[in-house]
Amino acid sequence: MNAQIHAKNCELNEVEEDYIHRKLQNLEKIHENIIAVKVDVAKDAHHKTGYVYTMKVHVSVPKQLLMAEEVGSTVQQAVDLIENELTRQLKRYKEKLISKNIKAARLRRE
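Numbering (the numbering used here), first residue to last: 474 to 583.
One should not assume that every hint holds.
Distance ranges between label pairs, derived from CB positions [said to hold, decoys possible]:
hint : residue 1 : residue 2 : range
1    : K511      : A578      : 31 to 39 Å
2    : Y524      : A577      : 21 to 29 Å
3    : R561      : Y492      : 36 to 44 Å
4    : E568      : Q477      : 33 to 41 Å
5    : L554      : N475      : 35 to 43 Å
6    : T547      : L580      : 46 to 54 Å
7    : L580      : V544      : 39 to 47 Å
Don't read these hints as lab results, they were simulated from the structure. All residues carry an ideal CB built from backbone N, CA and C; glycine is no exception.
Turn these sequences into a full structure, and let the hints guide you.
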């Protein structure tokens, strides 16, 4: 899997980048045909709560582009939320592929 990480208004240290890569590797266990992943991390100053991290992730799979955006108080929290959302999306995508293949196989038999 090819992952590109871009940071805006912040510097990601090696620990945070490794954490992001480890969490993205978990997505490959769900769907092995992930083509590319683009991660955008931005640090914004919220008017009441202080700094917040906004994370956007684009996952390219065959014939589909999955996107998730989450906000967290730390990079790790945002990554965990993103992983949950993308896991849900990838499972749904995989189920659709399987059901389409089953329907096509039924039509071929008839």
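Sort out which numbered hints this structure fails and list those numbers smallest first. Violated: hints 2, 3, 4, 5.
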